[in-house]
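Enquirer: Throw the hints in and build the complete structure from the sequences for me.
Number of protein chains: 2
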Amino acid sequence: MPVLVVGSVALDTVETPFGRATDTLGGSAIFFSAAASVFCPVRLVGVVGADYPLEKLGFLEARGVDLGGVVRADGESFRWSGVYSYDLNSRETRETRLGVFADFRPRVPKAFRDAELVFLGNIDPGLQLEVLEQVDTPRLVGCDTMNYWIERRRDVLLELLARVDILFVNDAEARQLAGDYNLLRAARWIHERGPRFVVVKKGEHGAVLIARDWIFFAPGYPLEEVFDPTGAGDAFAGGFLGHLAWVGSCEPDDLRRAMIYGSAMGSYAVERFSVDRFRDLDANEVAERVREFREMTAFEVRLAAEPHV
Amino acid sequence: MPVLVVGSVALDTVETPFGRATDTLGGSAIFFSAAASVFCPVRLVGVVGADYPLEKLGFLEARGVDLGGVVRADGESFRWSGVYSYDLNSRETRETRLGVFADFRPRVPKAFRDAELVFLGNIDPGLQLEVLEQVDTPRLVGCDTMNYWIERRRDVLLELLARVDILFVNDAEARQLAGDYNLLRAARWIHERGPRFVVVKKGEHGAVLIARDWIFFAPGYPLEEVFDPTGAGDAFAGGFLGHLAWVGSCEPDDLRRAMIYGSAMGSYAVERFSVDRFRDLDANEVAERVREFREMTAFEVRLAAEPHV
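Line by line, the protein sequences are chains X and G. Residue 5 is where the first sequence starts when you use the numbering used here, and the numbers rise one by one after that. Residue 5 is where the second sequence starts when you use the numbering used here, and the numbers rise one by one after that.
The set of hints was computed from the structure by calculation and includes no laboratory data. Do not take every clue at face value.
Since the list gives no way to pick out one identical chain from another, each pair is judged satisfied if it fits inside one copy or across any two copies.
Capping the alpha-carbon separation at 20 Å, the derived lysine to any residue pairs in SDA-like fashion look like this [said to hold, decoys possible]:
(1) Lys60 to Asn288
(2) Lys206 to Asn174
(3) Lys206 to Ala176
(4) Lys114 to Ser253
(5) Lys206 to Pro110
(6) Lys206 to Leu92
(7) Lys206 to Phe63
(8) Lys114 to Arg95
(9) Lys60 to Asp257
(10) Lys60 to Glu155
(11) Lys114 to Met5
(12) Lys60 to Arg306
(13) Lys60 to Arg293
(14) Lys60 to Ala25
(15) Lys114 to Glu304
(16) Lys206 to Leu227
(17) Lys114 to Leu136
(18) Lys114 to Asp128
(19) Lys206 to Pro226
(20) Lys114 to Asp169
Expert: Here you go:
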């Protein structure tokens, strides 16, 4: 089952304590696609400028990412440039040049419109809505957003949320959106606006899925070297929805596993610059990491001994 | 099997966004004992001043906390006073009055010396060593410490670590001790100094146990109301070692479960001021929360479907 994704297709310039990469493949739709395409076909909707090296997306096409929804427009590609702190826990944006992205109006090709799984990457919620309106009968809609839209486009964002099944946000965004410091209460607030599932991403601390009547935690995969955190959240969403597309089901057990696949793909994203770690990644390698996650979280409840009190 | 604990026995004055509590029961040894005594007998070594309301520890004695190692000295009891921020994620110490704690030299009563499980609460590492030297043949030694000792008593702390099996620290302390931002590498550094197990506590994000060849994550229990974070770390250690004492074993499976019991007891600590939540807590209630932890972390690896790549 294919996943439809809309989001940014960018050229990133990233500086970390370990080095610098200039004009590398970036953007939410690219990180999502790189991760999801390990598991399922992906249909990508986005825009690039005249200067975008589309041939560099060949490895994604080879893995079943259909670029039929990527429009090449006159002008410069979207560029983002940022510097990470020594501990990689904070970053400063040096420059955001929207380029052709400033006038982007997503158009979903006819052949893409029967998609059942949809991921709305972090772009203007108005555009996210436009995409949804072009999809026939989406079964499961995932959506990302950020502080910028929460502050400036709150009304449209709330209109969108009413049609979203899974909201992917980080902890600060969940708190800001709901105006509540407590994550659990913030998730309840979001549930009331539409999304049945809130996935709160917490960086190295992992992620938590809060459903209306159950909760699931996925730890962050412990790495001795974190190289470049850019794109981890989108790779998480790619692993999550990629897993659901792969199994063709979204029962609670599938969603729980999807959290682990998400966390695994987020961990690969940070091991190298850009989407480099995904180039040769195959599903068996991911399955091995998923088994490691199980080792790191599984325990048996023991009721044999007599309690002291 | 009993656990021996040495640590502070204090009177805490705590202000949170939800209220203020004056001169309530506090200190590492008290929080540890309140949690551990749900599962096993506890032997407490500490000091209180002439003004300490020992009768208020009656509920602990009733649950098998032997206060035979608590000395009453001339002078004032150890007092700590602090204020938490609105989000409870940071706190400011208003006052620390050591009182009789300034001249404390722990003496382990003869009847306590055959203890096999020992917890060295967060006090001067020199005193922690003195306690260890008075215990006949400890099988498993857990130890807590803090930035103050890491900075000022590094040599003695390292001497102590060589005799410790499990070091309980928070993430900032692990990083500071090892001088490495990466937690996994920091834990490897600590392993080389003695402790086979490093338990890194991360507040609301849970805790991770890093052994030499395996890792286990326990999430933080999601609470809609966090009332007072004081003592959560000591309650964690109490639940952890209390569970091991209860089952009388410290195999990897027991340690994994101990992490969950620790996280559960940490979550109870923050639900009320002081040790109030532990007063009526029984092992069945804890077992129910442990089952909830299992619900929140268990997933099945699925290998039925054919991977896409």
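Enquirer: So which of those numbered hints doesn't the model satisfy?
Expert: Structure breaks hints 1, 4, 5, 7, 8, 9, 10, 12, 13, 15, 18 and 20.
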